[in-house]
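If you're matching them up, the sequences are chains U and V in order.
Taking this note's numbering, I'd label the letters of the first sequence as residues 75 to 180.
Taking this note's numbering, I'd label the letters of the second sequence as residues 931 to 1022.
The reader is advised that the hints may include incorrect statements.
[Unchecked claim] Mimicking EDC-like on lysine to aspartate or glutamate, the simulated pairs with C-alpha atoms at most 20 Å apart in a straight line are:
| id | chain 1 | residue 1 | chain 2 | residue 2 |
| --- | --- | --- | --- | --- |
| 1 | U | Lys174 | V | Glu990 |
| 2 | U | Lys174 | V | Glu1022 |
| 3 | U | Lys174 | V | Glu1020 |
| 4 | U | Lys173 | V | Asp1014 |
| 5 | U | Lys94 | U | Asp158 |
[Unchecked claim] Partial list, computed: chain V residues near chain U (C-beta under 8 Å):
| id | residue |
| --- | --- |
| 6 | Thr939 |
| 7 | Val940 |
| 8 | Tyr949 |
| 9 | Gln958 |
| 10 | Met961 |
| 11 | Leu962 |
| 12 | Leu998 |
| 13 | Asn999 |
| 14 | Asp1002 |
| 15 | Cys1004 |
| 16 | Val1005 |
Hints were generated in silico from the structure; no laboratory data involved.
Ideal Cβ positions, reconstructed from N, Cα and C, are used throughout, including at glycine.
So you can see what is in the structure, the chains are spelled out below.
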Amino acid sequence: MLFGRVRGTAVSTIKYPDLKGLKLLVVEPLNKHLDPTGPLQVAVDVVQAGPGDLCVMVRSREAALAMRENTFVPVDLALVGVVDELTVHPDDEFDLTLKKGSVRYT
Amino acid sequence: MILGKVTGTVVTTISHPHYKNRRLLVVQPLMLPGQEPEGDFLALDNTHAGVGDTVLVNREGNAARQVLNNPDACVISVIVGIVDSLNIPELE
Chain U
75 MLFGRVRGTA
85 VSTIKYPDLK
95 GLKLLVVEPL
105 NKHLDPTGPL
115 QVAVDVVQAG
125 PGDLCVMVRS
135 REAALAMREN
145 TFVPVDLALV
155 GVVDELTVHP
165 DDEFDLTLKK
175 GSVRYT
Chain V
931 MILGKVTGTV
941 VTTISHPHYK
951 NRRLLVVQPL
961 MLPGQEPEGD
971 FLALDNTHAG
981 VGDTVLVNRE
991 GNAARQVLNN
1001 PDACVISVIV
1011 GIVDSLNIPE
1021 LE
């Protein structure tokens, strides 16, 4: 699961029949620092997000499972949450490297 | 499963029903010395992990559905354990 920022909407008239009625949004995938990690993509919205909203997205088969009714649809990216509050600690606050030998974490 | 560090928390008021009642956390995968850091991701918490905890994360939908006890859950990454200690005798 990953962050995404809604950048716009997409409209498609000729499409696979099961995609009818689904709301398509143009989104920009982001990392935890909210920096873009790739090109714009199209996601199906099930949480009524709007332009500029920071969202939680889910990929692959699970994106289709997020649909309200028919979950057997050709969808590979879905918006499943609108972020209200995000707290991210800087990486240098944690030791992210694995070490040789025995290490206790708790 | 991968090893990661919880580095942040996410609050979503409007979210898919399958995401309710559990916290969404930001996870940064651990890396070997000298390795490039991997991309971070979001995971649903099933273990009451907190920021700074080293965790065991499942990044596969079927495993997540089993953990959440819901055969239709639209969740991929789920935190399934908090790591107490690691013992790696050899490391390149």
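Tested hints:
A distance of roughly 28 Å separates the Cα atoms of U:Lys174 and V:Glu990; the hinted pair therefore is violated under the 20 Å criterion. Between U:Lys174 and V:Glu1022 the CA atoms are separated by roughly 9 Å; this keeps the pair inside 20 Å, and the hint holds. Among the hinted pairs, U:Lys174 with V:Glu1020 is consistent with the structure: their alpha-carbon atoms are about 6 Å apart, no more than 20 Å. Restraint check for U:Lys173 and V:Asp1014: the C-alpha separation of about 14 Å stays at or below 20 Å, so the hint holds.
Taking the CA atoms of U:Lys94 and U:Asp158, the gap is near 29 Å; set against the 20 Å cutoff, the hint is violated. Here the hint on V:Thr939 is kept, as its CB sits about 5 Å from the closest CB of chain U, short of 8 Å. Because the beta carbon of V:Val940 sits about 6 Å from the nearest beta carbon in chain U, less than 8 Å, this interface hint is met. The beta carbon of V:Tyr949 comes within 6 Å of a beta carbon in chain U, closer than 8 Å, and the hint placing it at the interface holds.
Because the smallest distance between the Cβ of V:Gln958 and any Cβ of chain U comes to about 6 Å, under 8 Å, the interface hint for this residue holds. Among the interface hints, the one on V:Met961 holds; its C-beta lies about 6 Å from the nearest C-beta in chain U, closer than the 8 Å criterion. With a cut of 8 Å, the hint placing V:Leu962 at the interface with chain U holds, because the nearest CB-to-CB distance is about 6 Å. The beta carbon of V:Leu998 is not positioned within 8 Å of any beta carbon in chain U (closest approach about 11 Å), and the interface hint is therefore violated.
Taking 8 Å as the C-beta cut-off, the interface hint given for V:Asn999 is violated, the closest approach to chain U being about 15 Å. A cut of 8 Å between beta carbons decides the hint on V:Asp1002: the least distance to chain U is about 6 Å, and the hint holds. Look at V:Cys1004: its Cβ gets to within about 4 Å of chain U, closer than 8 Å, so that hint holds up. At its closest, the beta carbon of V:Val1005 sits 6 Å from a beta carbon of chain U; the interface hint therefore holds under the 8 Å criterion.
Hints 1, 5, 12, 13 from the list above are not met by this structure, while the remaining hints are.
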